[in-house]
Structure formats: C-alpha cells, structure tokens
Amino acid sequence: MTLCGLELDNPVIPASGTFGYGYEFAEYYDINCLGTFSFKGTTKEPRFGNPQPRIAECAGGMLNAVGLQNPGVDKVLSEELPRLAKVFHKPVMANVSGFSPEEYAYVCEKLDAAPQVGWLEVNISCPNVHGGGMSFGTDPEAAAGVVRAVKAVTAKPVIVKLTPNVTDIVSMARACEDAGADGISLINTLQAMRIDLKTKKPLLANVTGGLSGPAVFPVAVRMVYQVYEAVRIPVVGVGGVSSAEDVIEMMLAGATAVEVGAANLTDPYVCRDIVRDLPGVMEKYGIENLRDIIGGAHG
Amino acid sequence: MKMIESVFTIAENDLVAAGVYRMVLAGDTAPITVPGQFVDIRLPELYLRRPISVCDAQDGSLALLYKTVGKGTERMAAMGPGERLDLLTGLGNGFSLAESGDRPLLAGGGIGAAPLYMLAKKLIQRGARPLVVMGFNGAEDVFYADEFAALGADVTVATVDGSRGVKGLVTDAMAGLSYSYVYACGPEPMLRAVWERSETDGQFSFEARMGCGFGACVGCTRQTVNGPKRVCKDGPVFRKGEILWEA
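Chains as they are written, first to last, in my numbering: chain A, 1 to 299; chain B, 300 to 546.
Since the hints were derived computationally from the structure, they do not count as laboratory data.
Fair warning: this is a prediction, and the values are worked out from it, not measured in the lab.
Mixed in with the good hints, there may be bad ones.
[Said to hold, decoys possible] If you anchor each label on the Cβ, the simulated ranges turn out as follows:
hint, chain 1, residue 1, chain 2, residue 2, range
1, B, E344, A, A155, 22 to 28 angstroms
2, B, I423, A, T208, 47 to 53 angstroms
3, B, A377, A, K284, 32 to 38 angstroms
4, B, D327, A, P51, 34 to 40 angstroms
5, A, P218, B, A310, 29 to 35 angstroms
6, A, V170, B, A310, 29 to 35 angstroms
7, A, D139, B, E498, 29 to 35 angstroms
Yeah, the Cβ is synthetic: ideal placement off N, Cα and C, and Gly gets one too.
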C-alpha cells in the first residue's frame, strides 16, 4: 500500500508523542516491522514543556499535558535522526509544531532536507500549548495559512493533523485540502481535565490536558468517517487504537493508514503485536487485501 | 539494563505497617540488576501501569513495599497469593554503588525507604557499613527497621510525633552522624532537606507521576543541571550535583 505516494509495508504507525524518536523502542523490538512511525512533535526551539504533574488517568484512557517537550529541530537533525538511522531503515514521519506559520515553515524546510524523513505531519492540534498548536486547528483560515506556508518550502507529502476540539471537523479538513495538504490525520487528543479530591484542585498543573486511549476511539472513528466523505486526499486514522480489530475498523471508516498512540505507553510491544495479529484478524473477517476495505463502511 | 514484560505470581501480600504492604512475587528477576530500579504493574481495569520501586530481588523472588495512596495501590492490597500480575521489569537507572565509601548514609522518608533495602544489602556485600536513617510520621508507620538491622546496617528511626526513636525528621536524626556518602529516597521536601543538609556527595531517588515508565511519553520530566531528564528512564536516581529544585 501507499500513503501520499510513499510505500508502506503495513498501515500501522505509532503516533507522535508516544514513541519518542523511535530508537528507544528499538531496544524492545525490531521497529522495522512497522509501516513507519511519527516522531515526537518538534519545534524550532527546544522546549521543556509544562510543569509537573502532566499525566493523569481516567476510565478507558489518560490525560497528558506534556506541552511539546522536545530538543528543537537542530538537535533532532544532528542527534536524534542519526541515532534512529542505526535502527530504522524506512522513511519516518516527522511531526512538526509551531507558534506561527513562519515557524512551521522554518522547521519543515529543515526537515525537508533530511533524507530519512518521508512525510511531514503538521500538528495544528496540540491542546497543551498557548498561542500555537490547537489555535491553528480550530479556524479554517488559520489552518490554511499554515498549510500554504509549509507547502511552499517542501516537496515532501504534508499530512495535517487535526484536533477534534472543533464544531465542524469537515470544514477544517476541506480548508487544509484546498490549501494543498496531501493528507489529513485525525484525531489529536480531546481537551479534558480531572480534579484531585484530596486537594480539591485540578490534577494537572496545566489545568487541562489531552484525553487519549480507548475512550476516544469511537470519536475518532466518527470523525474519520465524516472527513473521508468530504475530501479526496488520504486520511490517517488516530485515536484510541489498541488492536488489529481497531485498525480494521478505522480503515473501514476511511483510513488509509492508522496511528497507534496511548496504547504504546501501557504496552510497549503493542504495535509489533498489531502487525503480527493483522493477517489472522483479516482472515477471520474475510478480508483479502487491506486496500480493499478503506472506506468500506460508506454506502 | 533491559526492560522486559513478564508475568509474576503473587506469593505473599501482607500488611507490615499502617497502610503499608509487602508483596512478594515469583517470576523472572534477571532484568533487575541494580538497587533503585522499579517495576511497572498492569492492574485490572486501570489504564496506566503503576510504577513501584524494587525493595529486593533475587533468584526469581521480587519483594515490593507499597503504601495505599490511591486506586492502584488499593487494588494491589486487595490481591492475594496465586494471583498473577503483568510487570515491566528492569526499569530505571538505579543507584551506583562504587562511590559509597566505607560508611554510606541511607536516608529514607516513609515508603521511600523501600529501595534502600536492596541497596543496603548490596553495599554490605561489598564490605561497606551503611548507616540507615528512616523517617516516619509515627510508630504505627514504621516498617523494615528490624530487616535493615538484620542485614547488619546501623539503623536510626525518626518519627515526627516522637512515638518511636528520635523525635523529628530524617534530617534531625542525621545531625551528628559521620558518613562517607549519601543515598536518599522519599518525598521531594525530604529529599531537598537531605540534599541541603548533607555534607558529602550523593544520589537521590525521585518519585513522579508517569505515563509509560520507560521513557516514551516524557510525562515525568524534571529540569536538571544537564537539561530536561525523564525520571523514569534517566532517573529515578539522580546525582546530587545535577539536581535542580523548583523555587
């Protein structure tokens, strides 16, 4: 199969923020079994992220308010990618974040020069930073501005990662497609919060965080289904995927490829196991070729 | 040091002090190579694993001491012999023994004393004579003072209410002691007090709310002299000279 013109051996892609820069999971299994993976959201400058605590739990999932901790694009190019090259021999998906269209373009232009990078996943959906991230993903005009700025500096496929924290996901996806995006990935986390009964105050220092895990899976399936009907570019399904069955459900909704996020944090081997389990689950449901089921749930 | 996922079987799970349990599990302890590492436990119906420090590990027997402070530890307390648990083991960057000198001080605050047990054992095996200072709120909270003494360590217990041992904090019980090095584990205010009062170099083990426990999510990062470090992967043990405290 292919995703935006690049080969994928299988549709399984660990999602950004749950897989670091990849090489650490290579201590646990051969990560070349993956389709690819999306590396940690990278910005122009190094970022520490938000104060502690920045992790909380809920029924069926978790909240994070990490706030885009990353070493900055220069260190990603000089340190993280060379380390990754020793253990991963496929094109990687580079997840990019920023605080202005110019900043997104700056980071994408630098990553465009890295041969290891296959796709640019432009994250306009981080709910845990102020003045950037999600603010571009909740307004179609602002989103289009980021897409145009990025497309002007790279020839690599640009996949725009959308936030579910909007009234109309379809208008967001269409605005990105019209501005030149090569693909859409969705969903990022849902804005959420928890309150500690002992202190009677918000559990996360950032007050709010992003909800992920199985709790958000049906929301993601619904949004992938709606966006698949509205755009012609490929859709990457993300949100609560934890099994080969979930991958197939997401593809039936319209996903060409599927990202696995929070599940990596509770089971470090989950993506390897999903790749292993897929043929058996396909056989069980009478599926010969995954390509044939993309969008299969639509009338 | 390499993380692996494996299934352990509970052999014992008994109350040893107020709200403090000792769980002994049978399984593959080979990945646990140094004191100060931790395991990450999957529990029924809870999404995130629970990181618990290793109190002792040898020859397929793993001992954990934990205090019931929330849903995860309460669920652990309700389990019994024969039940099985899925663990990630071999996690974390533990204590380094080489710098200890002849007379290391091991300072434990509450449940933070747990990983100091295996540390004391290994130090004694290397010929050191550890001084163990353990701080608790009251006599009913005290655990493992006899076990540390049975290893051959010199043990001082401090209680805030004075109901057992020295009245006061760990740092009060440290006053006047002569030692070659410091190892500490406990709540952050206690670690900071030991860090400020101790006169030697040392290593400090931190707690954090973790997402994954193996370095992937960077949820537990703290700032250090050497930049942001993950408590789960770069720690939980940090060198005295690299620690930064929040104002």
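task: Given the hint of 32 to 38 angstroms, check if A377(B) and K284(A) actually sit that far apart at their C-beta atoms.
output: Holds - the Cβ-Cβ distance for A377(B) and K284(A), about 36 angstroms, lies within 32 to 38 angstroms.
Pairwise beta carbon distance, I423(B) to T208(A), judged against the given window 47 to 53 angstroms: 49 angstroms, holds
message: Between the beta carbons of D139(A) and E498(B), is the distance compatible with 29 to 35 angstroms?
response: 58 angstroms, violated
Range hint compliance [Cβ, V170(A) to A310(B), 29 to 35 angstroms]: 56 angstroms, violated
message: A range of 22 to 28 angstroms was offered for this pair. Does it hold for the Cβ distance of E344(B) and A155(A)?
response: 48 angstroms, violated
message: Quick check on a hinted range of 34 to 40 angstroms for D327(B) and P51(A), using CB atoms only.
response: 37 angstroms, holds
A310(B) and P218(A) - C-beta distance against the hinted 29 to 35 angstroms: Once the Cβ atoms are compared, 41 angstroms apart, the range 29 to 35 angstroms for A310(B) and P218(A) is violated.
Taken one by one, the earlier hints fail for this structure at numbers 1, 5, 6 and 7, listed in ascending order.
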